[in-house]
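Residue numbers (my numbering), protein chains in the order written: chain V, 92 to 441; chain E, 18 to 298; chain W, 144 to 444.
No lab work stands behind these hints: they were computed from the structure.
Just to be clear, a hint being listed does not mean it is correct.
[As the list claims (entries may be wrong)] Calculated cross-link-like contacts (lysine to any residue; reagent style SDA-like; alpha-carbon spacing at most 25 Å):
#1 V:166 with V:218
#2 E:213 with V:182
#3 V:194 with E:205
#4 W:247 with W:190
#5 E:213 with W:167
#6 W:155 with V:162
#7 W:247 with W:344
#8 V:194 with E:201
#9 W:247 with E:21
#10 W:247 with W:356
#11 W:155 with E:180
#12 W:190 with E:140
#13 W:247 with W:348
#14 W:155 with E:201
#15 V:225 with E:51
#16 W:249 with E:33
#17 E:213 with V:181
#18 W:247 with W:339
#19 W:249 with E:205
#20 V:194 with E:211
#21 V:194 with V:149
#22 W:249 with E:183
#23 W:190 with W:409
#24 V:223 with E:280
#25 V:223 with V:181
#26 V:166 with E:180
#27 W:155 with E:44
#28 V:166 with E:22
#29 W:155 with E:205
#30 V:166 with W:339
#31 E:213 with E:180
#32 E:213 with V:202
#33 V:223 with E:197
#34 W:249 with E:197
#35 W:190 with W:420
#36 V:225 with E:54
#37 W:155 with E:183
#38 V:166 with V:329
#39 W:247 with E:279
#40 V:225 with V:246
This structure is a prediction, so every number in the text was calculated from the model and none was measured.
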Amino acid sequence: MATVSFERATRRYPGTSRPAVDRLDLTAGDGEFLVLVGPSGCGKSTSLRMVAGLEPVDSGRIRIDHRDVTHADPKDRDIAMVFQNYALYPHMTVAQNLAFALKIGRIPRAEVRDRVLDAARLLDLEPHLDRKPKDLSGGQRQRVAMGRAIVRRPQVFLMDEPLSNLDAQLRLQTRNQIAALQRRLGTTTIYVTHDQVEAMTMGDRVAVLCNGVLQQCAAPRTLYRDPANVFVAGFIGSPAMNLISLPVLNDSVALGGWEIRAPRGISGPDVVVGIRPEHLEVSGIGIEIEVDVVEELGADAYVYGRIVDGATPVIARTDGLDPPQRGGRVRLQPVGGHIHFFGADGLPIR
Amino acid sequence: MSYLIRGVRRSIVRGVALYAALIGVAWCALFPILWALSGSLKTESEVATPTLVPSHPHWANYGEVFALMPFWRMFLNTVLYAGCVTAGQVFFCSLAGYSFARLRFRGRDTLFVLYLATLMVPLTVTVIPQFILMRTFGWTDTPLAMIVPGLFGSAFGTYLMRQFFRTLPTDLEEAAILDGCTPWQIYWRILLPQTKPAIMVLAVLTWVNVWNDFLWPLVMIQRQSIATLNLGLVWMQGQYVSRWPVLMAASILILLPLVLVYAIAQRAFVRGIAVTGFGGR
Amino acid sequence: MISIDDGGMPTKRRARAGRAFVAPNLAAIAVFMLFPLGFSLYMSFQKWDLFTPAKFVGLANFRHLFTDDPLFATALRNTAVYTIGTLVPAVLISLVVAALLNRKLKGISVFRAVVFVPLAVSSVVTAVMWQFVFNTDNGLLNTMLGWVGIGPVPWLLDPGWAMVSLCMISVWKSVPFATVVLLAAMQGVPHTLYEAARIDGASATRQFISITVPLIRGALSFVVVITIINAFQAFDQVYVLTGGHGGPETGTYVLGIMLFQHAFTFLDFGYASALAWVMFAILFGLTLLQLRLTRRSALEL
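Only chain V is shown next, with the shape it has when bound in the complex (with noise of 0.2 Å):
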C-alpha cells in the first residue's frame, strides 16, 4: 500500500519564465483519492506526469510508498495511468489492450488471463473482450482504460482527466463509478481534473493548484466553508462566489445601500468581500440589484443582476417557484455567517 507524495517538486519547462510547477509539497495518503484541480495551465497534468516518470524532474524529489523514485523508470514505479484520450492500442483487441502490460511483464499466461477477466468482470466488458477500440463507444472505451490500469494490480492509479471525453450525461455515470471502483479496490488514486464540480464531488481531498503554485488542500467541505485564498474561493463552488472590492469605511463596507459589518485589523484601504450565490437571500431588505437575466432550472432559479449604485455584477441563487423578473429591482440579504473578507493580499481575515 502505498503513500506519493511531492517534495518541493519543481518541473520548468526550457524557454519559459515561470515554472510550470513550483516546489509543489503534497502527499496523498494511503488508499486516498486525491484530486489536482485548477485551470488550463495551472501545472496539473505536469505534476501528474512527473509522478508517472513521463516528465522531468528538475528539483525536488518524488517519493512513492516513501521510496524516492524521482529518477527512477515508469515502469519501476508501480503505477498505473489512465489517459484523457484513453491511448488505446488500436491494432488490437480489448482483451489484448488489458493484457499487454501483463504479457510485458512475463506474467505467466494463465495469471494474465484470470486478471483480464476479473477486470473484464468488473467494468462489465466481458461482451467485447474481441473488439477493437474503433468499434467501441466513448464510455466503453473509457472502461478499457481504466482496465488497462486495473489489471496491472499497481500501487498508484493515476487518472489525467479520464472524463472529459464524455457526454454530460456519460460522465456523471462514470464520475460515480469511477469513485466506487476505488473505495472498493482501495488503491491510492491522482486523480486530475479541470471541472471543479468532479473534484469536489470524488476526491477525499482537493488539491488546487494556480500558475504552478499549490493553492490549498484540503476536503471538499474545507475548500467550500474556509478558503485559503481568494483565489480559491473563487474557484470554488459554482457559480462562483460573488467577490467584490470594497472601500471599508468605519469597520464596515457597504454594498448597494448595504452596510456589512467588517472585521477589525484590516490594513489597507480596501478589501475583498466574498459571498456565494446560495447565501444571498432575496428578501424585503439587502443588497439592491437590478436583475439582467434569470437563469430558472426547476428547482432553483438563479439571478444575475447588477448593483444599483456601481454596476457591479452579482449573482444569487434563490428559489425555481417564484424566481423575480427581469429588469426589475430586487433586494438580497446575505446569510450571516457566510461573508468572506480577503485582504489585498488575498488571503482571508477573520
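Add chains E and W to chain V, keeping to what the hints say.
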C-alpha cells in the same frame, strides 16, 4: 420552365463532355501499351500493315520470347533484388524514422539535417564512385552489388517514415512506456502497426524503383544469369533490332507483373501519398 | 502539452536505443552516399581510367569542360530543351487531368487507375514500346498521320524530331506521378470553399484558377522540382530510344548520356566526375531558385 430544361440539357452535355475527356485521357495513357499489344500479336509481315487489330492473333511471338531470352531466370533475379531491397528499406528506414521522430539522442537534429541534405544529391554524382566501390569489394557482376547498397535503407525512406511517425499520438507511446515496454518493443509492437500507410508507400516506391532500375544493372552486370528483365530487354533489342512482334511481346510480358501489382496496390498507395503529406503542403 | 520528443523523457536507455536504431541506416548512407560524394569530388581533380594510376590535374577537367568541349555546350542545350519540353507540358497536362479526376463521377476510380498505369512501366519498356510507335514506316503515329494525309515524320531519324519524340515520352511518363500528387493535394481542398465561390458566382474555370491552383501550391512546387531533377539527369529513356551516343547526330545528346559515355565507354573517370559535379551545381542552383520563387509568392499571398 425552359431554364430547367436548359439546365438539364447543359448538365447532360457536360456529363458527356467529361466522359469524353476522361476517355481521351485514358487513351493517351494506354495507347503505347495497346499498340505494343497489337504489334505483339502480329506476324513479322503483318507488322508493316497499319492496322490496330491483328487479323489472327499470333500468340507464338510470346513463346519465342522465352526462346530468345532466359525470361524466367531474369524474372526471378529481378524479384529477388526488388524483394530484398524493399524488405530492408522498410525495416531499416522505419527503425531510423522512429528514432529521429521520438528518441532523443545527442546530435539527432543535426544528423537529420544531414540526411535532408543528401536528398539533394543527384544519382549522377554518386554512380561512378559506387561503381568503383563495388569493384573494390569485388562485387561487380554479382547479386551483392544489386542488393547491398539499398538494403540498409536510404535517406528518403527514413525521411518519409520520420514524418509519419511524428503524426502518431504521443499518448500511445506513453501508455506503452508505462506498460513497461523497451524502445524496441514500443517500435515493433505498438507504433509500427500504426504506420501501415507510410510503409505501403515506401514499399511500393522502393519495389518499383528497383524493378525499373536500368543504369545500375547496365553498369554492374555482364552475365545473363544474374541479369534483370530490363537489361534482358535491351540486350534483346540490340540483337533482334527490327523484330518488332517479339520485342513487343517481351515488353508486354515485362510490364505485366508490375501493372498487376500496381492495380492491386493502387488504392492503398494513393491514400498513403495523401496521408504522408505530399499533397497540399 | 510538451510532447515526448521535445525532451520530456531524456533517459539514457532511449538515447542508446536511438543511436542503435539509426546506426545501420546511417552506415549505409555514409558508405553509399557521403563517401561517394566526397570521392567523386576528389576524382574530379584527377585523371583516371581505372588501369593506370590516377594523376592529379587540378582544375584541368573543369577548364576543358567549359572552354574546349563543344559537346558540353550541345549537351547543355539539349538538356535544357528536354527539361523545359518535359516540364511545361507535363505540369499543364497534369493540372487538367488531376482536375478532371477530382470528381465523384461513376467509375472515376477506373479512370484514375488507368491514368496511373504508365507509372508502373519501366523506362526501358517505355522506350522500346515508343520506338515502335515512332517507327517511320509502320509506327502508330505515322499511320494515324497518314489517315489525315500528313507525310511520314522521321521521328527517330531526324535530330530535331528525335528530341521531340524524347520529350513526348518524357511527358507521358511524368504526367501520372504529377497527377497523383496534384490530385491528392486537390482532394485536400475543402469543398466548402468551392461552394462559397459558386454562391459568389464564380465559374468552374474561375474556381480552378483562383481557389484550386493557389491552394495546391506546395504540391505544385514539389512536382516542378521533381520533374526538373528527373529530366535534367535523364539517361534510361535516351539510351534505349536512340542508343548510347545521343544520336542521331547529337540530337539527343543530353548530359546524362555524356556522363555515361565518358565514364563507362571512354573510362575517363576524372572528367566524368567533373561533369557530374557541374551537373550537381546547376541542379542545386535551379532548385534553390525555384524554392526562393515559391517562398516569395507564398509570402505575397
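Outcome of the hint check:
1. V:166 with V:218: violated, 30 Å
2. E:213 with V:182: holds, 11 Å
3. V:194 with E:205: Holds - the C-alpha atoms of residue 205 of chain E and residue 194 of chain V are around 15 Å apart, at most 25 Å.
4. W:247 with W:190: Cα-Cα ~60 Å, so violated.
5. E:213 with W:167: holds, 22 Å
6. W:155 with V:162: Distance of about 11 Å is within 25 Å: holds.
7. W:247 with W:344: Given that 25 Å is the threshold and the Cα spacing comes to 22 Å, the pair holds.
8. V:194 with E:201: Satisfied, since the Cα-Cα distance of roughly 15 Å is no more than 25 Å.
9. W:247 with E:21: holds, 23 Å
10. W:247 with W:356: holds, 19 Å
11. W:155 with E:180: It holds: about 24 Å lies between the C-alpha atoms, which stays within 25 Å.
12. W:190 with E:140: holds, 21 Å
13. W:247 with W:348: holds, 18 Å
14. W:155 with E:201: With Cα atoms ~14 Å apart, residue 155 of chain W and residue 201 of chain E stay inside 25 Å; holds.
15. V:225 with E:51: Given pair residue 225 of chain V, residue 51 of chain E is violated - Cα atoms ~45 Å apart, limit 25 Å.
16. W:249 with E:33: Given pair residue 249 of chain W, residue 33 of chain E holds - Cα atoms ~12 Å apart, limit 25 Å.
17. E:213 with V:181: holds, 12 Å
18. W:247 with W:339: holds, 19 Å
19. W:249 with E:205: violated, 41 Å
20. V:194 with E:211: holds, 20 Å
21. V:194 with V:149: Distance ~33 Å between residue 194 of chain V and residue 149 of chain V Cα, so the pair is violated.
22. W:249 with E:183: violated, 36 Å
23. W:190 with W:409: This hinted pair holds, its Cα atoms lying about 12 Å apart.
24. V:223 with E:280: Given pair residue 223 of chain V, residue 280 of chain E is violated - Cα atoms ~29 Å apart, limit 25 Å.
25. V:223 with V:181: Judged against 25 Å, a Cα distance of about 7 Å means the pair holds.
26. V:166 with E:180: violated, 28 Å
27. W:155 with E:44: Not satisfied, since the Cα-Cα distance of roughly 59 Å exceeds 25 Å.
28. V:166 with E:22: Roughly 72 Å separates the two Cα atoms, so the pair is violated.
29. W:155 with E:205: holds, 20 Å
30. V:166 with W:339: violated, 53 Å
31. E:213 with E:180: holds, 13 Å
32. E:213 with V:202: violated, 33 Å
33. V:223 with E:197: holds, 22 Å
34. W:249 with E:197: Cα-Cα ~50 Å, so violated.
35. W:190 with W:420: holds, 15 Å
36. V:225 with E:54: violated, 47 Å
37. W:155 with E:183: Holds, at about 21 Å.
38. V:166 with V:329: Between residue 166 of chain V and residue 329 of chain V the Cα gap is close to 39 Å, so the pair fails against 25 Å, i.e. violated.
39. W:247 with E:279: Distance of about 22 Å is within 25 Å: holds.
40. V:225 with V:246: violated, 30 Å
Taken one by one, the earlier hints fail for this structure at numbers 1, 4, 15, 19, 21, 22, 24, 26, 27, 28, 30, 32, 34, 36, 38 and 40, listed in ascending order.
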